[in-house]
Amino acid sequence: MSYSHVVIDGPVNGPGVKDASTIEPMPFSILPGPERLRFETLLANLSATFVNVSAAEVDSHIESGLKQIVEFLDLDRSGLGELSAEGLAITHSYQVPGVPPSPRVILESQFPFYAKKVHEGEVFRLPEDLPAEAVREWEFAAKTGLKSNLTIPLKVTGAVVGGIGFASFRSAREWPDELVQRLRLVGDIFTNALARKRADEALRQATQQATSLRNELAHATRLELISHLTTSIAHEVNQPLYAIASNSQTALDLLGMGDLEEVKKALEDIWADARRASEVIARIRGMVRKEEPRRSPVRLDEVIEELAPLLHREAVSKGATLQICAEAHGVSVVCDRVQMQQVLLNLLLNAVEAVSEPGVGSNEVVIRTWRNDASWVCVSVQDSGVGLTKEACERVFIPFLTTKAKGLGLGLSISRSLVEAHGGNLWATPGIERGTLFHLRLPVTSEGQP
Amino acid sequence: MSQTPVVYVVDDDPSVSRALARLFRVAGLRLVSFATAQEFLSHPNCESPSCLVLDVQLPDLNGLDLQRELKERDWRLPIVFITGHGNVPMAVEAMRAGAVHFLPKPCDNRELLAAIRQALDRDREHRAQQKEAQRIKPLIDALTPREREVFLLVAAGLANKNIASRLRISLQTVKLHRGNVMQKLQLDSIADLVHFAQKTRAILPDLEFPT
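For the protein sequence lines, the chains are S and B, in the order given.
The first sequence maps to residues 1 to 450 in my numbering.
The second sequence maps to residues 451 to 661 in my numbering.
FYI, nobody ran anything at the bench for these hints, they're computed from the structure.
Mixed in with the good hints, there may be bad ones.
[As the list claims (entries may be wrong)] Covered stretches of chain S, as calculated for chain B (at least 3 residues, CB under 8 Å):
1. 179-191
2. 232-239
3. 247-256
4. 260-270
[To be verified] Now the in silico label distances, taken between C-beta atoms and shown as ranges:
5. ARG560/B to GLU268/S: 22 to 28 Å
6. SER278/S to GLN488/B: 47 to 53 Å
7. ASP373/S to GLN488/B: 51 to 57 Å
8. GLU224/S to ARG526/B: 21 to 27 Å
9. PRO588/B to LEU260/S: 51 to 57 Å
10. LEU223/S to ARG560/B: 39 to 45 Å
11. GLY359/S to SER492/B: 27 to 33 Å
12. VAL334/S to ARG475/B: 48 to 54 Å
Each residue gets a CB set at the ideal place from its N, CA and C atoms; glycine is no exception.
Isolated chain B, as found in the complex (with noise of 0.2 Å):
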C-alpha cells in the first residue's frame, strides 16, 4: 500500500526542474514535471497519492486558473503555490480556492516539503475517504427509500414509536424496516449505525439527513 508519493510540478524553467527533482530524489518523493499547464491536465491521474506544486505565471495559462480548471474537472488535487511574484490578493485567492500553501520563490527546501508532505497528507486522506465512498455507496443505494429513512432517523436518535408516528406506519413495520436496515448495512449495533451514518454524512454530503 505505501506506494512512492508522487509530486507534479509545472514550472517551464528546467533548472527549475532539475533542482527540484533532486530534492524529491533526496526525499524519496517522485516528480513529474510539466513544462505547461496543458500538458499537465492531458496527463492522466495517478493510484499514488499526489499534489501540484505550481508556479502562479505559466507559460500557457494562470496558475489559478489552472487551480481553477481543476475544481471543475473534479480534480481534488492539494496544490502547494510556489512563486517569485506573488502578492496578498493572490495568495488569499489561491488559500480561498484550497491551496495547501503559498509560497515565496526561493524558499527553503524543508518549508517546501512540510508543504507537500502536508498536501500529501491532505490526498491521503481524501483518497481513503473516496475509497470509504466506493464502499459505503453501493451499501446505501441497496436500501429502499422507505429503509433509507428509518436509517436516518435511527442515526438522529429517535425510538422506534417516535418513527413509527412520524412516518405514519405501524410500530412493526419500523421493527421490520430496522432490520434490514442492519442486515444490509452489515451492522451490528446501534452504536455502529449511528458511527456508520457518521461516516457517511462526511463522505456522501448529498444523503439528507432529517433534522
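Chain S on its own, in the form it takes in the complex (with noise of 0.2 Å):
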C-alpha cells in the first residue's frame, strides 16, 4: 500500500456513518456542551496545525494528536496503522500509563473478522459489531480485558491504506456516529500528512538520486577528459623525473671530485623536481579520485593556475598559447573544487581543441577571471578558433550532441549541470571578432582568505 497520492477521499460511507456535512449541527450525544465545543476547538487545532507542520514532525505531531484524543475522551489507547500484507500495522499510537501499548502489528490470521471490517472499510465497534462467531476477537477482548474499541478505515484514492483505532479498557464506551465522523476526520488529516511527508521523503530521495547519479556521471567525464592529458600528464612527470636522474649522478661525480658545495645545490634541485612532480601526481589523483564532492571556498584563480601546467603541454602540442587574466583577486566561491576544476578544464581543452582546427588563423585562448558586483565571481574562455553561431551556442550544452570523433559529447552538459548546482551559470555567445566565449559566474561567498 502506498500514500503517494495527496488525494483522500471523502468519509467513508459504511453503514450506521452519515455524510459529514448533514452531521454538523447534531450535538454528541455523550458530550455535554461546553465539552462538545471545546471538542471542536481541540479538532480545529490539530486540523490548523497539521497544515504547517514540517515533513520532520509529522510523527511526533500524530503522537501528540492521539494522545490529546485520548485524554479529552477519557480513552486509555489509541493507534494510527497501515494496511500491511500481514495486517494492521501501527505507525503510532498512544496509551496512558500502566494500559499495554498496541501489539506492532494487528494480524490478519489472528483477527480474521476485524481484519475483514477494516478491508471492506467499514467502521468496527467493540462490542455492538462483533457477533458471536468471532471467536478469536472474543478471546483477546477477554485475555487482554478490552472493554471497548473503534476502529475506522482510512482510505486513500477510494482505497483502505490503513485506519485509525481507540481503546477503552476500564469500561465500555459509545460511539455515536457524530464522534466516529469527527475521529475520521482526525484519520484523514494524519493520513493527509504522512502521505505529504512521504512524497516529501519521495522528492528528497529523487533529489539525493540525481544528485548522486551527477556525481558519477560527472567523475566520469572527468577520466574521459583527465585520458585527453596523458601525454601532458607524463610530460610533467617525465621533466623532473629526468632533471632528478640527471642531478643524482652529476651529484655523484661532483662528490668525487670534492665540490661539496655544488652537491648541495645538486640535491637541493633533486628535493624541488621530486616535490614537483609528486604535486602533478597528487592532482592528478585528486581528479580520478572518486570521493563525494566536499564544498570549501575556492579561488578559481588558483584552481587556474594549478591547472595550468597540466594543460601547458596539450596546448603546445596543438599550437596554442594559453594566457591567463587571474583579476578575481582572492575572492573565494564555495564549491566542489575538484568538480570547478573539471569544468574549467573541459572548457580550456575545448578551447585549445578549437583553436587548433585547420584554418585557424589565431591560436590563442584567454581565460579570464574577475569579480562583477558584490555576488559573482565570472570566468569567461575566450577562443579564437571558427567560432560557433548563436543557435550552436546553445546546442552545445545538450548531451550526446558531439562533432568530435572522440568524445561522449558530455562534458559541457555536465558542466552546465554542475555550475547550477553550486548556484551559478554556464553559457556560450560568438566571440565579438572571431571565436567563443564561455561565461562561467559563480556566487560570491566569501572574501580574502579562505
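Hints are included, so try docking the two chains, each in its own frame, into the full complex.
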C-alpha cells in the first residue's frame, strides 16, 4: 500500500455513517454542550497544526494528536496503522500509563473478522459490531480486558490504506456516529500529513539520487577529460624525473671531485623536482579519485593556476597559446574544488581544440576571471577558433550532441549541471570578432582567505 | 685552437636546463640553453665546435621540424635527440635526417655525454672540412676550364697522350697545362695531385670528375 497520492477521499460511507455535511449541527450524545465545543476546538487546532507541519515533525505531531484525543475522551489507547500484507501495522500510538501498548501488527490471521471489516472499509465497534462467531476477537478482548474499541478505516483514492483506532480498557464506550465522523476527520488529517511526508521523502530521495547520478557522471566525464591529458601529464612528471636522474648522477661525480657546495645545490634541485613531480601526481589523483563532493571556499584563480601546467603541454602540442588574466583577486566561491577544476579544464581543453582546427589563423586562448559587483565571480574562456553561431552556442550544452570524433558529448552538459548545482550559470556566446566565448559565474560567498 | 665546445639545448623546462647545465659544466662543456626553437634560430652561429640537444616536443616547433629547418638553412649542426615521448617512426625519421642519436628521457648521463662527444667530433670534422674547402676552393677557381679538365683527367690516372687525344690537343699543350696546374695548386708530385684530387672530391662534390 502507499500514501503516494495526497488526495483523500470523502468520508467512508459505511453502514450507519452519515455524510459529514449533514451532521455538523447535531450534538454529541455523550458530550455536554461546553465539552463538545472544547472538542471541536481541539480538532480545529489539530487540523490547523497539520497545515504547516514539516515532514520531520509529522510523526511527533500525530502521536501528540492521538494523546490529546485519548486524554480528552478519557480513553486508554489509540493508534494509527497502515495496511500491510500481514494486517494492520501500527505506525503511531499512544496509551495512558499502565495500559499495554498496541500490538506492533494487528495480524489478519489472528483477527479475521476485524481485518475483514477494515479491509471492506467499514467502521468497527466493539462490542456492538462483533458477532458471537468471531471467537478469536472475543478471546482477545477477554484476555486483555479490552472493553471497547473503535476502528475507522482510512482511504486514499478510494482504497483502504490503513485505520485509526481507539480503545478503552476500563469501561465500555459508546461510539455515536457524530464522534466517528470527527475521529475519521482526524484520521484523514493524519493520513494526509503522512502522505505529504512520504511525498517529501520520495522527493528528497529522488533529488539525492539525481545528485548522486550527476556526481557519478561527473566522475566518468572527468576521467574522459583526463585521458586527453595523458601525454601532457607524462611530460609534466617526466621532466622533473629526468632532472632528478641527471642531477643525482652529476652529484656523485661532484662528490668525487670534492665540490660539496655544488653537491648541495644539486640535492636541493633534486628535492624541488621530486616535490614538483609528486604535486602533479597528487593533482591528477585528486581529479581521478572517486570521492563525495565536498564544498569549501575555493579561489578560482588558484584552480586555474594549478591547471595551467597540466594544460601547458596539451596547448603546446596543439600549437595553442594560453593566456591567463586572473583578476578575481582572492575572492572565493564555495564549491567542490574538483568539480570546478573539471568545468574549467573542460572549457580550456575545448578552447585549445577549437584554435587547433585547420584554417584557424590565431591560436590564442584567453581565460579571464573577475568579480562582478558584490555577488558573482565570473570566468570567461575566449578562443579564436572558427566560432559558433548563436544557435550552436546553446546546442553545445545538449548531451550526446558532439562534433568531435572522440568523446561522449557530455562534457559541457555535465559542466553546466555542475555549475548550476553550485547556484551558478554557464553559457556561451559568439566571440566579438571570431571564436567563441564561454561564460561562467558562481555566487561569491566569502572574501579573502579561504 | 682548443675552444670550449658548446652544447645548445632547446628545452622549455627550467629544471632540465639546470640539470644539464650542471652536467655539462662538470664535463667541461659549455651550455647555451634556449626555451624555444625560435630563440635558438635567431641565435648567431658560433666558432666553437658545437652540437644541439633537442626534445622532440618543443613549445613552438616540433624538434623534427627544427631539424628540417636547420637543413634548409644549411646549418649543419649535429643533433642529439632526447625525448620522453618518442616512438620508433620518430626515431627513424630523426636518424634518417642525420641525427647523431635518439635517446630516451630520462637517460644515463654517460650515454648522453657519449652521444654529445660523438656529435661534437662530427662537428669538428665538418668544420675542418669546411676550413679545408675554404683553402682549396680559390686554388681550384684559379684554374682555367682547360686546366681543370687536364687536372681531373690526370687525377683519373690518364697518361698525357691519352689526355691529348681525348681533348684533341697536342701533347705539348697538355704538358703546358699540366705544369700550370701543378704550379697553381702548389703541388710537387703526381702523388700530391692524386691526393689533392681525392680531398677535393670529398669536400667539393660539385666538381665533376670524369669517369
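Margin query: Verify this for me: three or more residues of the stretch 232-239 of chain S with a beta carbon less than 8 Å from a beta carbon of chain B.
Written below: Holds, because 4 residues of the stretch 232-239 of chain S bring their Cβ atoms closer than 8 Å to Cβ atoms of chain B.
Note to self: Can you confirm whether chain B covers the stretch 179-191 of chain S, using C-beta to C-beta distances below 8 Å and requiring at least three such residues?
What the structure shows: violated (count 0)
Margin query: Please check whether SER278/S and GLN488/B have a Cβ separation lying inside 47 to 53 Å.
Written below: Violated - the Cβ-Cβ distance for SER278/S and GLN488/B, about 32 Å, lies outside 47 to 53 Å.
Check: Would you say the C-beta atoms of GLY359/S and SER492/B sit inside 27 to 33 Å of each other?
Finding: holds (28 Å)
Item checked: Distance restraint evaluation - VAL334/S, ARG475/B, Cβ atoms, bounds 48 to 54 Å -> holds (51 Å)
Next item on the list: Just tell me: holds or violated, for the beta carbon distance of PRO588/B and LEU260/S against 51 to 57 Å?
Entry: holds (55 Å)
Check: Per the hint of 51 to 57 Å, is the separation of the Cβ atoms of ASP373/S and GLN488/B within bounds?
Finding: violated (43 Å)
Check: Does the Cβ pair LEU223/S, ARG560/B satisfy 39 to 45 Å?
Finding: For LEU223/S and ARG560/B the Cβ distance comes to about 40 Å; the hint holds.
Margin query: The hint says 21 to 27 Å between GLU224/S and ARG526/B; measuring C-beta to C-beta, is that right?
Written below: Hint violated: Cβ distance 46 Å, outside 21 to 27 Å.
Note to self: Closer than 8 Å Cβ to Cβ for three or more residues is the test here. Does the stretch 247-256 of chain S pass it with chain B?
What the structure shows: holds (count 5)
Margin query: Verify the CB-CB distance for ARG560/B and GLU268/S against the hinted window 22 to 28 Å.
Written below: holds (24 Å)
Next item on the list: Check whether three or more residues of the stretch 260-270 of chain S sit with their beta carbon closer than 8 Å to a beta carbon of chain B.
Entry: With 4 residues close enough to chain B, the hint holds.
This entry does not satisfy hints 1, 6, 7, 8, going by the numbered hints stated previously.
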